[in-house]
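Taking the hints into account, I'd like the entire structure generated from these sequences.
Chains A and B, in that order, give the protein sequences.
Going by this note's numbering, the first residue of the first sequence is number 1, and it counts up by one from there.
Going by this note's numbering, the first residue of the second sequence is number 1001, and it counts up by one from there.
Everything labelled a hint here was simulated from the structure, so no lab data went into it.
None of the values given here were measured: they were computed from a predicted structure.
All residues carry an ideal CB built from backbone N, CA and C; glycine is no exception.
Treat the hints loosely; a few may be bogus.
[To be verified] Dumping the calculated DSSO-like pairs for lysine-lysine here, alpha-carbon to alpha-carbon at most 30 Å:
1) A:Lys257 - B:Lys1072
2) B:Lys1500 - B:Lys1266
3) B:Lys1052 - A:Lys516
4) A:Lys92 - A:Lys455
5) B:Lys1072 - A:Lys455
6) A:Lys257 - B:Lys1104
7) A:Lys565 - A:Lys391
8) A:Lys491 - B:Lys1072
9) A:Lys113 - A:Lys204
10) A:Lys209 - A:Lys171
11) A:Lys516 - B:Lys1266
[What the hints assert, rightly or not] Sample of chain B residues at the chain A side, in silico, Cβ under 7 Å:
12) Pro1038
13) Ile1039
14) Arg1068
15) Leu1073
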Amino acid sequence: MQLQVMNSPFNQEQVDLLNQLLPKLTAEQQLWLGGYISALHIKESAHPSGGVAVLEKPDVQTKIVSREVTILYGSQTGNGQHLAEELSKNLKAENFDVTLSAMNEFRPNALKKVEHLLMIVSTHGEGDPPDNAIPFYEYLHSRRAPELENLQFSVLSLGDSSYEFFCQTGKDFEKRLLELGAKPLVPRVDCDLDFDEPAQEWFKEVTSKLNELGESTPTVQSTSNHVAEINRTVYSRTNPFHAEVLENLNLNGRGSKKETRHLELSIEGSNLQYEPGDSIGIYPKNDPELVDALIAEMNWDAEESVTVNSQGDLRALREALISNFEITVLTKPLLQKASTLTSNPKLQKLLEEEDEETLKNYLYGRDLLDLVKDFAPWEGTANDFVAILRKIPARLYSIASSYEANPDEVHVTIGTVRYTAHERERFGVCSGECARRIKPGDTLPIYVQRNANFKLPDHPDTPIIMIGPGTGIAPFRSFLEEREEIGARGKSWLFFGDQHYTTDFLYQVEWQRWLKDGVLTRMDVAFSRDTDEKVYVQHKMLENSRDLFQWLEEGAVVYVCGDEKHMATDVHQTLVDIIETEGKMNSAEANDYLAQMQQQKRYQRDVY
Amino acid sequence: MTKKVTLPPQTGEPSDVERIKRESNYLRGTLAETMEDPITAGIPDDDNRLLKFHGSYLQDDRDLRTERQRQKLEPAYQFMIRVRAPGGVATPEQWLVMDELAHKYANGTLKLTTRQAFQMHGILKWNMKKTIQEINEALMDSLAACGDVNRNVMCNPNPYQSDIHSEVYHWSAKLSEHLSPRTKAYHEIWLDGEKVIDSKEDEETEPIYGAVYLPRKFKIGIAVPPNNDVDVFSQDIGLIAILEKDELVGFNIAVGGGMGMTHGDKETYPQLARVIGFCPTDKIIDVAEKLITIQRDYGNRSVRKKARFKYTIDARGLNWVTEELNNRLGWEIEAARDYQFTHHGDRYGWVKGSNHKWNFTLFIQNGRVLDTDQNKLMTGLREIAKIHTGEFRLSPNQNLIISNVTKEKKQEVMALLEEYRITDGAQYSALRRSSIACVALPTCGLAMAEAERYLPSLIDKIEVIIDEAGLRDQEINIRMSGCPNGCSRAPLGEIGFIGKSPGKYNMYLGASHTGDRLNKLYKENVGEEEILQLLRPLLFQYAKERKEGEHFGDFVIRAGHVKAVQSGLDFHD
Ligand code: SRM
Ligand SMILES: Cc1cc2nc3c(=O)[nH]c(=O)nc-3n(C[C@H](O)[C@H](O)[C@H](O)COP(=O)(O)OP(=O)(O)OC[C@H]3O[C@@H](n4cnc5c(N)ncnc54)[C@H](O)[C@@H]3O)c2cc1C
Ligand SMILES: Cc1cc2nc3c(=O)[nH]c(=O)nc-3n(C[C@H](O)[C@H](O)[C@H](O)COP(=O)(O)O)c2cc1C
Ligand code: SF4
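Encoded structure:
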């Protein structure tokens, strides 16, 4: 039996580690290990110790330290959760007594008893908390929030400095906890998209701080090193798998204003596993033409080697600009750093501008090439320059296939981002690469990004309502493949929409087949540009409000995927309206009803 | 009201289409529902069969088939609507509506068909109802434009004898009207007419057709000698107007024509209608109805490709039909009168009718009305329709006549023709002006090869030879069909091409110039290069050796290149 999160008590890391290790063991080694572990359990009460740590070097007698630590995470797309799990593992290895929980699964009033709180939280929307942090966030900011004098805490916030409210949620939490009387353990760290290094730093900080407090002599190095060692052989975000592209086609028919690529990637032999609702991260490469233009503009030497990370690894400039650094997004921090490299006063002036708008307007739709053109002459070496650049972040894509249905593949649905800004046609880095350069046979560096907040109901009989216009359709293809594979009998209802029926009905023939075979019970579509007045999914929901509410009453789980800015909010409001009218409630009750559903994981969103 | 006669038992199982018709409750089927299904732009086969009776076909853009399949999209489903214009006559108002609908719902073009009707292609399911309703508001319809019923009745649009024309036209309209299905299904489904439960009594609901309608499509055309432009002998019932002292006295009745066949099936063949007699003008409705009931009762309902009237007749003989007809009429048709055809093409340019109004016949390549970068034909005709006080007449050769133009208006019309460079095609060779091509690809589901999109470029190359041979002004009918169904009446082309596979055609020669003799297979499965190599010596020889007034179709027979086909029965040998 292949170990999985589903069929074992282990979390993903542990499963990955064990799956790495177990197959390599001889029969006799396995026997020994089995005996050893059960023997260990007898001493357990006296010697609580993390399985992993023990597995590494069974002969080491680890120190007994018992200090309570609570790790709470608020995570939308899984980065934060991932880090929280890693931190938890490390601390357990340090013999800490760790409570790890997503914020929405943590009983808020249990907070009073917590002494050490580590908080990892990202920011979404326009500086909003991720969905699974909202209830806890609201609780803390409400009057009901308790006094927290004897709480020590630290916050690791995840964010993206290209957004106006950078790491806002992390900042909010810290501010509020201080107001409630809690004491900082170590200073808050705000991570940008390239969060690995700062996060590891913060891990070290809190670990040693906690150890100080717990006056224990830890074996930090050995442990983390060892874990790191094993990690290297496990494909993950920090060590992506190079997946071969099997298929790459445009799903939009001729004459469409859109381009949506369907990619099929091979994960054979990667040991990667995923569930419907998970995403994959793809590490894209920048457009070589853009890079060359940049190098030419700065008349740099393409072959000159530059440092690409804090370990001081070197790489040829052109390679580095293509593969390592982000050159398509301008952020305020970047401009601030850049201003030290140019003697051109215009940049300083722009940064000192009274009203933020001027800067924002400049940043929007411009890239590094615009920057270097606009604020020449530049000083300093290519090395100085790349030093101020962010690492190129991976792009997430909802998985559009089911592991059960085809374990050796993972499919994604990628909308090509293409626009003209400031007299230059521009492409999204990742979607542009997939649309214009990636051919079958090429490989893409990918990893699986779990998303516990977007999962099929445990019971296959539970009815599901899926709302996914545009590329939001992707995970529902995976849902239905899965449901077909496992022969789920629950009703299912899909809402899809796009611009034009004839050209933009993504995966049309597959839905038709699933409808025929009864895997999909019902489907409603809205095509916005075929009719004079625009029709969107929410209109289709309204048209069917009675049935829809009926389904909710029958316990249906509602999934929303796709565009965050407009679609998700409109759909949300529409759900409230439907519940209000059909359920004969006032809006407050209707909102509660939906909040309830959210609590029960019956209203799940994967929006971007 | 016709009594049912007792029939010899039909041999063989009724075809699937017979079941569909029987179960359809007078052409309703589940159309009302399937036209609403939002998950596919198509409809199920059974309903598509019925839709034909409503004058529309489900098609798909065949150019996109394979690529869309790869893209996980269903075929680019779209509907073709055929709008009946009895006798091919449309008012300027109706023309403007067709033009508007073509742009609003269809692919921006109009196809003038070989049976004097309009076709619009590329209509999406969701626009079908609106389209048909707007057609209906213009006092036109598509009911029975296709299907196993009598079709658009063709009528010679002859501009010379305008008074005769109006009389003949009057009868063709009456025939169309009288032979239309009576079912309310059309109104229910498309025009939101209130639902009526059609009585199961065939006599009440469909007095002529009955619940399962005809075994196959049925076609009637009226020719006015000397012009056989309607190809009167290609019709199931061909009516030849008999004029005595410039008075219409009645019609010769020809029966059992049809162009369709199936490659490799010698049991199927094109056939010409044969004259069985004459009837006075006012009896024509009765005669047509009775002939139709004969086909209704005796036609083959088991094998569709053998179900046309021509096979019913050829199996039993002309005498049998004549007797059967006389019995059903209760009186005897008279002996056929004399008539003389001289051609079956169109007469281009301005001519003055006997009513002193003017008529302009213009050349429209393969009947496709559209705007191109070079040529704004569609816009020009729209502008003309706005000021025109007469009618538009669709010719059986896919051309258009701007008819009954008053002296006063003539200048205006000429000015617009000038402005939009719309001509009678004088700048083209007579060969091109005598060409017909069916629709074929990309919309026709049965096409095996290109026709409408290809023939013009083939003619470009033949014209080179024509010019060298000095035959530029020699009328030679050239017709291309994308498959053996012969929608361009290719078996009556002096040069005929029938598609076999992409780029490959069977080449036929030797039809008469007047439409009274079929052509014969000259070379099988030839591509462009070979076609040109074969035509060159033939055309040069014709130019050199033809007799005074001898037509190409007759020459190739005299010169021994092909045998003359006496009857469709020896078409294949
Ligand atoms: C539009 C038109 C050709 C044109 O370019 O003008 C046409 C187009 C088609 N014909 Fe035709 N036929 C057209 C005149 C003819 C003629 C000529 C005539 O009637 O004078 C014939 C030969 C005479 C005859 O009926 O024998 C003709 C014999 C057929 C047949 C063969 C019938 C048979 O007896 O085998 C079919 C196939 C069938 O009926 O199964 C057919 C079927 C079709 C269909 C509807 C294909 C189909 O069944 O799916 C074609 C639609 C193509 C498209 O995309 O528009 N069409 N078709 C003509 C419309 C006439 C009208 O307004 O009603
Ligand atoms: C959990 C999750 C799941 C996702 N799933 C999918 C999925 O299934 N399918 C999918 O296609 N995407 C998905 N996305 C979005 C995806 O991750 C990428 O953000 C998207 O593909 C764009 O990446 P890119 O590198 O192509 O474009 P980038 O290089 O990142 O450029 C995108 C940026 O370009 C700028 N921009 C765009 N249009 C304009 C304009 N007109 N003018 C000026 N600037 C403009 C905007 O700043 C935009 O943020 C998902 C995102 C998340 C978080
Ligand atoms: C739709 C969307 C909106 C976002 N909005 C913000 C924002 O307003 N401010 C910010 O700092 N980061 C923002 N981010 C960036 C995320 O915080 C960042 O990707 C983080 O790594 C996500 O961590 P998680 O996977 O734990 O949710 C946004 C990301 C997405 C997908
Ligand atoms: S002849 Fe064949 S290809 Fe041409 S329109 Fe008729 S059915 Fe289609």
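Evaluation of the provided hints:
A hinted pair counts as satisfied when its Cα atoms are at most 30 Å apart, and lysine 257 of chain A with lysine 1072 of chain B qualifies at roughly 18 Å. The straight-line distance between the Cα atoms of lysine 1500 of chain B and lysine 1266 of chain B is roughly 15 Å, inside the 30 Å bound, and the hint therefore holds. In summary, the hint linking lysine 1052 of chain B to lysine 516 of chain A is supported, as the alpha carbons are separated by about 26 Å, within the 30 Å threshold. Proposed proximity of lysine 92 of chain A and lysine 455 of chain A is supported: the alpha carbons are some 28 Å apart, at most 30 Å.
At most 30 Å may separate the alpha-carbon atoms for a hinted pair to count; lysine 1072 of chain B and lysine 455 of chain A meet this at roughly 26 Å. Taken as a hint, the lysine 257 of chain A and lysine 1104 of chain B pair is honoured in the structure, with Cα atoms around 20 Å apart against an allowance of 30 Å. Annotation: proposed proximity of lysine 565 of chain A to lysine 391 of chain A holds, straight-line Cα distance about 26 Å (limit 30 Å). Between the alpha carbons of lysine 491 of chain A and lysine 1072 of chain B the distance comes to roughly 24 Å, so the proposed pair stays at or under 30 Å and holds.
For the given pair, lysine 113 of chain A sits about 25 Å from lysine 204 of chain A by alpha-carbon distance, which is consistent with the 30 Å threshold. Restraint check for lysine 209 of chain A and lysine 171 of chain A: satisfied, since their Cα atoms lie roughly 21 Å apart, inside the 30 Å limit. Proposed proximity of lysine 516 of chain A and lysine 1266 of chain B is contradicted: the alpha carbons are some 41 Å apart, above 30 Å. About 6 Å separates the beta-carbon of proline 1038 of chain B from the nearest beta-carbon of chain A, less than 7 Å, and the hint is met.
Contact between isoleucine 1039 of chain B and chain A, as hinted, is supported at the beta carbon level, the nearest pair being about 6 Å apart and thus within 7 Å. Against a cut-off of 7 Å between C-beta atoms, the interface hint on arginine 1068 of chain B holds, since the closest Cβ of chain A lies about 6 Å away. With its C-beta approaching chain A no nearer than about 5 Å, leucine 1073 of chain B sits inside the 7 Å limit, and its interface hint holds.
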